[in-house]
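Position chain B against the provided structure of chain A, taking the given hints into account.
Protein chains: 2
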Amino acid sequence: MSSQPILIAGKWRTATSRKTFTAENPATGERLPEEFPVSDWADCDQALAAAAAAARDLRQVGPTQIASFLKRYAERIEARATELVAMAHQETALPKKPRLADVELPRTTDQLRQAAAAVLEGSWCLPTIDTKLNLRSYLAPLGPVLVFGPNNFPFAYNCVAGGDFVSAIAAGNPVIAKAHPCHPATTRLLAEEAFAALGESKLPLAALQLLYDIAPENGLRCAADSRLGGIGFTGSRPGGLKLKAAADGAGKPAYLEMSSVNPVVMLPGALVERHSQIAGEFVGSCLAGDGQFCTSPGLVIVMAGNGTEAFIQEVKARLEAAPPSTLLSAGVAKQLAAAVESWRRVGAVLVTGGNALPGPGYHFANTLLRVEGKAFLATPAQLQNEAFGNASLMVVARDPAEAARVIEQLDGNLTGSIYSDSRGADDALYADLAPRLRPRVGRFLNDKMPTGVAVAPAMNHGGPFPATGHPGFTAVGIPATFRRFTMLQCFDHVRPDRLPVPLRDKNPNGQMWRLIDGSWSQASVVI
Amino acid sequence: MSSQPILIAGKWRTATSRKTFTAENPATGERLPEEFPVSDWADCDQALAAAAAAARDLRQVGPTQIASFLKRYAERIEARATELVAMAHQETALPKKPRLADVELPRTTDQLRQAAAAVLEGSWCLPTIDTKLNLRSYLAPLGPVLVFGPNNFPFAYNCVAGGDFVSAIAAGNPVIAKAHPCHPATTRLLAEEAFAALGESKLPLAALQLLYDIAPENGLRCAADSRLGGIGFTGSRPGGLKLKAAADGAGKPAYLEMSSVNPVVMLPGALVERHSQIAGEFVGSCLAGDGQFCTSPGLVIVMAGNGTEAFIQEVKARLEAAPPSTLLSAGVAKQLAAAVESWRRVGAVLVTGGNALPGPGYHFANTLLRVEGKAFLATPAQLQNEAFGNASLMVVARDPAEAARVIEQLDGNLTGSIYSDSRGADDALYADLAPRLRPRVGRFLNDKMPTGVAVAPAMNHGGPFPATGHPGFTAVGIPATFRRFTMLQCFDHVRPDRLPVPLRDKNPNGQMWRLIDGSWSQASVVI
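Chains A and B, in that order, are what the protein sequence lines are.
So for the first sequence, the working numbering puts the first residue at 36; every next one is plus one.
So for the second sequence, the working numbering puts the first residue at 36; every next one is plus one.
Chain A with its partners taken away, still in its complex shape:
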């Protein structure tokens, strides 16, 4: 059987390399039939050239066409939903319902439609006009964006349909998509629909190239290529750090979502007040997606005491009562076991779980470990290794002062939560600990678990290094996500008919907010 074609320069064509791979069904461990190519440098090179040409063409395309593509693509995904859900289920073992069909697929089409609305409205690019100086600036397209999709959201973060793809296109950039090799066929189906929607919307067909897999060294070579604008990456920390180094050396913006243990601090009063309720919330969050969410609560900080022991026992009971689901791949299962072992080597002890479960497929017992605050402070780096999957670590600090020291050893994270007594018993402690946690995380929560990342303008799915590569940007939340894939462009004394549409005197749609002479306005410029 010949391997699936790749998409380059507006054509589906055979990859130049003969090297191939297949995905597998993680529920059975069986190989799936379709063969996909591992592209060599020749494919990467052609993808870069095609995307660079498409970047020039896309600059001539107005917001109406881009929005039309995004909406048409959403409709096409919905029309093929049954097939997409079946394929994604086969490749990821994620439940068809509610997860894939009722949650993730609608979320994906909602992202496309929110982006279409933001593109038409247009204020996201912060158009700024100083009339006296005839100086005008906005956030303009950055150039071709290389998107690496993760394993855990086959639709909503897919390299040809998810948040990075949507943001890059909405900001006016072509995409070079590198599929996650765990779900290539799902990606193929989505890319077919994207490609058809490009044609229907009269966008440049080379606005999307798709490669199913590439050798790591070719990824690094792409990252440093002069034709590339920037990178959107969601994946592991080691892979992300290598890409970052390559992109940094070439001065390319790389937006990387790499890892996070999402610390949750439980203050004593909260556990006294409602330890059973909190245990339920925590276990629900831990096991959402079998713990394979970027925002899974992997590290809990509590203070020693009777309430805490009751809380831990309740969490243990709930974890043991819940059936573990299927992990995404053999690799995830192997790395999860290794992470738990690495915690144990530096002093963490098992409360429950800790072992792989028999097949077919990849399963791991729901797992909780605990460690004293003192031990955590002795090896904070190792105990912050992310265990991607259904395992969490509880750090039991001796007292509030030790909890403060634990928090001050935390790396950058996507999220951080503090649970406190609703009647004020924890307020003084909150006031001491919150300022220590707040600058270490992108999204800070009160009395709430971090899973459940709404696609909303105020969302931040980002955070300080090494959670991401830059603390100023988010990977979820339209339209802020668009700003990653832009460059600031100023027009100084440029003749009126040569200006980009958002910077002309006339407000392009009567609703775009622009900063005119220091004041936000929806009016046209009157000189």
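Calculated from the structure, these hints are not laboratory results.
Check each hint, because a few of them may be wrong.
If chains are identical, the list can't say which one is meant, so a pair holds when it fits in one copy or spans any two.
List of simulated lysine to aspartate or glutamate pairs, DMTMM-like, C-alpha gap at most 20 Å [unchecked claim]: (1) Lys351 <-> Asp467; (2) Lys483 <-> Asp532; (3) Lys277 <-> Asp552; (4) Lys541 <-> Asp260; (5) Lys167 <-> Glu252; (6) Lys167 <-> Asp482; (7) Lys54 <-> Asp92; (8) Lys369 <-> Glu65; (9) Lys369 <-> Glu113.
Okay, now just chain B, sitting in the frame of chain A:
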């Protein structure tokens, strides 16, 4: 004579190292009397610790106090203007009038006052509120900012008074200032006023630390230190790239303005129409600040022809008629001569100048070189080395197609200009070349020289690598410059009285624009 004290943790104190340096008067080459310390790691370490503590304190300070500091500091600079101008003149040889007293000092105080107004108004931090989800985000302070000032603007880019300082403080961050060793005494005077204004405004006194000089390895160590938030740097490309590598490895945002040759493309019709006028503009821009501006037009692209030869002859005559001014230092003079030599080695020929002039002080003949387009295309990297000072290179392309290829070899630059015939004769050529030049520069000009960087909201003093370290940000133009020194912080379900003021239901000043449920508004949130 003992060396000047450094400023750390709210106290002027003796540096721990005994190593010192002195500045010199570039007009005479004579050493100036004051001795300044070269700080060792102990000073850096203490500055980082003090700044980290001040960062926490500054988060408790409201916009009124920060604005009050900025305004008070401006008044103090004005009150000491005569002494400041005399000192800066002595250390830089820049003319007292108009440059230092009438242009740069007022620009510096204007920056402070613009920043104060933007801080009070507050919209710059893009407060975003989604009421249904109770999700709120804004651009929050990043943490201590290490500011490296350049040699060429002793006031307006000074590490304790210039754009980076102002932006870091306005965004709520303490500054660790590393003075430029060419004007330490000017920096001392400014820091004294800043320090006094901090006290008068009841800001944390450790909001500013000042080190006069540090070894490069200690700069790199600071850049990677976990206590640091980010970096603002204006200086040479080699120094900037080393800092960038150190900061990138630690995941710290570094905003670096490193070098630019600011290409100017002269289309044939423009030279036919007004070559004498353009020659005047070009020579005026080349010699502004003796060519020691970041935006000096160092590379001109013209097409072969009679109009071009007449233009070059007119530029030559004007350069020869203008008296060269004094360069900023022995180092600038040496590097300028080396850059001109490096151009000559790869085929550029002298049109005029090219040699150092006799002392006292540092002077270089006004210099123009030319090179054929073909030769430029053979060694584009070497011919884009910035010659910081009064020297420019003219690339004579054989025809428009070769000019296009020359433009496509250009590195990222701060600015790029195109001059074209005012009646439309160059329009087709403009349409071909402008899209090639536009993505390579931060500020794009028509019929205008790049020098003269207005402090205005729409300004972009930034550009693609290697002009800067990130193409999305600007070093001039309030309030956009503030955004460099921030991180995106989201508050999810955080109790109302624990929210930062810009994100509370009540609009804090009745005028702050906030994106509430997807619409920009100056209203309070009504739930």
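Tested hints:
no., hint, result
1, Lys351 <-> Asp467, "neither (29 Å within a copy, 68 Å between copies)"
2, Lys483 <-> Asp532, "between (52 Å within a copy, 17 Å between copies)"
3, Lys277 <-> Asp552, "neither (43 Å within a copy, 38 Å between copies)"
4, Lys541 <-> Asp260, "neither (38 Å within a copy, 48 Å between copies)"
5, Lys167 <-> Glu252, "neither (50 Å within a copy, 45 Å between copies)"
6, Lys167 <-> Asp482, "between (50 Å within a copy, 17 Å between copies)"
7, Lys54 <-> Asp92, "neither (33 Å within a copy, 58 Å between copies)"
8, Lys369 <-> Glu65, "within (17 Å within a copy, 69 Å between copies)"
9, Lys369 <-> Glu113, "neither (35 Å within a copy, 67 Å between copies)"
Hints 1, 3, 4, 5, 7 and 9 from the list above are not met by this structure, while the remaining hints are.
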